Amino acid sequence: MGIYSCLGKNLDEVTASLRAGKSGIGIDPKRIEYGYRSPLTGILERPVLKGILDRRSRVCLPEQGEYAYMATAEALKNAGIDQEYLENNEVGVLYGNDSSAKAVIDAHTTAMEYKDTQMMGSGAIFQSMNSTVTMNLSTIFKLRGINLTISAACASGSHAIGLGLMYIRAGWQDMVICGGAQETNYLSMGSFDGIAAFSTRIDDPTKASRPFDRDHDGLVPSGGAATVILEEYEHAVKRGAPIIAEVLGYGFSSNGVNISQPSDAGSIIAMERALKDAGVAAKDIDYINAHATSTVQGDQLEAKALDKLFAEYRTPISSTKSMTGHECWMAGASEIVYSNLMMLNSFIAPNINFENPDEYSQNLNIVNQTQEKNIDTYLSNSFGFGGTNSALVIKKFRNTK
Amino acid sequence: MQKEEVIKTVNEFLVEEIEIEENLLKEDALLKEGLGIDSLDFVDIVVIVEKKFGFKIKPEEMKDVRTLGQFYDYIVSKVN
Numbered sequence: 000m001g002i003y004s005c006l007g008k009n010l011d012e013v014t015a016s017l018r019a020g021k022s023g024i025g026i027d028p029k030r031i032e033y034g035y036r037s038p039l040t041g042i043l044e045r046p047v048l049k050g051i052l053d054r055r056s057r058v059c060l061p062e063q064g065e066y067a068y069m070a071t072a073e074a075l076k077n078a079g080i081d082q083e084y085l086e087n088n089e090v091g092v093l094y095g096n097d098s099s100a101k102a103v104i105d106a107h108t109t110a111m112e113y114k115d116t117q118m119m120g121s122g123a124i125f126q127s128m129n130s131t132v133t134m135n136l137s138t139i140f141k142l143r144g145i146n147l148t149i150s151a152a153c154a155s156g157s158h159a160i161g162l163g164l165m166y167i168r169a170g171w172q173d174m175v176i177c178g179g180a181q182e183t184n185y186l187s188m189g190s191f192d193g194i195a196a197f198s199t200r201i202d203d204p205t206k207a208s209r210p211f212d213r214d215h216d217g218l219v220p221s222g223g224a225a226t227v228i229l230e231e232y233e234h235a236v237k238r239g240a241p242i243i244a245e246v247l248g249y250g251f252s253s254n255g256v257n258i259s260q261p262s263d264a265g266s267i268i269a270m271e272r273a274l275k276d277a278g279v280a281a282k283d284i285d286y287i288n289a290h291a292t293s294t295v296q297g298d299q300l301e302a303k304a305l306d307k308l309f310a311e312y313r314t315p316i317s318s319t320k321s322m323t324g325h326e327c328w329m330a331g332a333s334e335i336v337y338s339n340l341m342m343l344n345s346f347i348a349p350n351i352n353f354e355n356p357d358e359y360s361q362n363l364n365i366v367n368q369t370q371e372k373n374i375d376t377y378l379s380n381s382f383g384f385g386g387t388n389s390a391l392v393i394k395k396f397r398n399t400k
Numbered sequence: 000m001q002k003e004e005v006i007k008t009v010n011e012f013l014v015e016e017i018e019i020e021e022n023l024l025k026e027d028a029l030l031k032e033g034l035g036i037d038s039l040d041f042v043d044i045v046v047i048v049e050k051k052f053g054f055k056i057k058p059e060e061m062k063d064v065r066t067l068g069q070f071y072d073y074i075v076s077k078v079n
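If you read the sequences in order, they're chains P and C. With the first letter of the first sequence counted as 1, position 2 gets the number 1 in numbering that gives the first Met the number 0; the numbers rise by one all the way through. With the first letter of the second sequence counted as 1, position 57 gets the number 56 in numbering that gives the first Met the number 0; the numbers rise by one all the way through.
Just chain C, same shape as in the assembly (with noise of 0.2 Å):
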């Protein structure tokens, strides 16, 4: 799957069911203390990127992901 296609995604799921506004999504916005994500948002993320990309998201490879760039890069390569 290209970068391009898991960037659309992940924005198309952020806006519509996060509801996070869509001028926010820049690849260097914090997922936390920038998009507003808290930890109980985080599990409904979890169960989308489920459905979505057919992987579970396992938090210890979440340790360094803190921006958005950073989200789409590890989605990537789970998915390649």
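Chain P extracted, bound-state conformation (with noise of 0.2 Å):
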């Protein structure tokens, strides 16, 4: 796996953010200047990639895809896959990325300069088009398996891994690298901002994303890019791979009620999906890394199905975006991520800024400090606009043989 993202620029770097429950939030002025109600944002520099890639990768590249390039070279090289392995052997790719608004805004802006569509030169097709991280991923690494981006709001990149595990029980393929990307830029998130879901709490930014606290005031964009490596188990084995965890169970819901509300009843089917397709019950999950956004409603309808499915087990819970922001597009993946590392490291990362329950959150054991505890088992829960709902289940990889 790999991850680029406010809390750091690869695996290590995020392992001590998420064990100091370090914030990764800033205010970006740009966004002041242009109107936005809110100018905080997860704070991330954007990789150097001369002399990394050629021109004509860069060139098709947009903000995302760079994070997803950083994020996918880290994971391959840590899942021992060399470029040689990707030229030689049919590797898919399956990402999640939901819009690419800089590249469209930027190559619009150019043609009302030129009057001429001939000087938005030659990358802004590729980096404006939906599937821009899956074109440039496959190309870059020349990756010739299943090649599809995931569209699905803010649980795109959770979907992609469910996808992911889909295509290689079905036997399809042996590899899949899945993962979630998020532009940052302000031109990205200024109709989101428009609606009124960001949080205002300007004046201290770093307290801004407070998920499940009663004083929750809206969520806080946030981007990067996370990716994991998928593989058929026999296979990893063969190759003698370093495994991390096995994705147990993937769990799916459409509410089919509203376009901006979360539903208490879709997140619970995937939740219940996910456990049955997993084969393990509620019981058996010893954390769950919660899609909480930092909403008032999101938080509360999330609160009550966890209520419902989880409280009388105490399972340990608390939302990364607390430190992260809402990483949107990348979400469902960057937990995965997250939480791999709080597996592998023991630990569970803290809810920060959770201070005060409200009546929704009051009976779940959110975790608010760093707590030492080994996880062999957890839940991710990502929901997205559209009422479309996703739901992991992870098991620690442990070596019996």
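Honestly, the hints are just simulated from the structure, not real lab data. Be careful, since some hints might not be right.
[Unchecked claim] From the structure, some residues in chain C lie toward chain P, with a derived Cβ separation under 10 Å: (1) Leu24; (2) Leu39; (3) Val45; (4) Phe54.
Computed from a prediction, not measured in an experiment: that's the story for all the values here. For each residue, glycine too, the CB sits at the ideal point set by N, CA and C.
Once you've looked at the hints, go ahead and assemble the two chains, each given alone in its own frame, into the complex.
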């Protein structure tokens, strides 16, 4: 696996941030100038790819594509996969991405200035399409398997991993690169800010994202990219792969109700389906990485759903979005990476800023300080606009042979 | 504009922006086969030429332009 986020540029940096309960949130002054209600955002640096990737590859990569390249290069390296392997075996890519707003807006601005589409340059079309991340990764790494972008709002990254599991179970692929990517530029989030979804706790950025807390007032947008390499078990063993975990179960549902509002009933279906698919019961879950984004309604409805399924087991719960903000299209994949890092290092990262529960979260075991804990099996939730829900159950790999 | 000035500007952007190795930049170098400029690269060259020299390359005028030397001459003919 590999990660590039506001908590760090690689697995080691991110592990340290998770353990320390460090927030990656700050202020983007450009958003104030542009007219945002809230200039809060996850802060991360663009990677420098000159000297690493050739010009053609760089010209076609949008911001989130650069993050996806970094996360994927780290993931492949950690999985013991080199370029020669990729060119001699069929490896697929299923990646979550649901916008490439800056590329579209930049191209439009150029056309308005010059009244000539050719002035957009050669990279604009490849940066602008929703499938930009998979088209770029498959070209850069010379992939020859399934090549598909998953667009499912804030559940994109989670569905990508769930679908990767399906491709492997079906025997269609031995190995699939799965993940999620999210752009963080000011052009990409204006319309989301426009529906008053963001926290306006501007005077205290690191306290703004406070999932499940009584005083939550909206989410903080963020981004980056996260990659996991899914591989058929026997294939991984035969290759001598450093196996981290097993994707045990995938559950999905669609609320069929409202375009922006979540649903406790819909998320329960996804969670129950994931547990059933994994062949485990609610009591077997050692940790839940909640979707909770710090919006009033979303947190409350998820808390209600978690209360129904897990309250009697006092299952430890945290939302890493308290530190990262909402990584949107990437979140479902990054939260698998974050949870895997906790599982590998035997701790639960805190739901920072959870100071006072509300009536919905009061019965839940929300962890607000780093806790040393062995995690064997965890559940990760992701819900998105349009009522799309995804839940994944992951189990730590133990070599019993 | 003198030809030397055109050569300097063109070579600069070919090296800096199109990332072609400087030692390949000879007047008899073929744009496509020698310098590896493909149709997408050429889109970017059209953009750069318009910004640096203030005119738009017309595809029909490029029909007989195959070498770097011919490309310099084409630009010289357009800017003067």
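Notebook entry, point to check: Given Leu24 (chain C) was flagged as interface, is its beta-carbon under 10 Å from a beta-carbon of chain P?
Noted result: At about 16 Å, which exceeds the 10 Å cut-off, the nearest Cβ of chain P leaves the hint on Leu24 (chain C) violated.
Item checked: chain P contact restraint on Phe54 (chain C) - CB to CB distance below 10 Å -> 12 Å, violated
Item checked: Hint check, Leu39 (chain C) versus chain P [nearest Cβ-Cβ separation less than 10 Å] -> Result: holds, 4 Å to nearest chain P Cβ.
Notebook entry, point to check: For the hint on Val45 (chain C), does the least C-beta distance to chain P fall short of 10 Å?
Noted result: Hint on Val45 (chain C): holds, closest Cβ of chain P at ~6 Å, below 10 Å.
Hints 1 and 4 from the list above are not met by this structure, while the remaining hints are.
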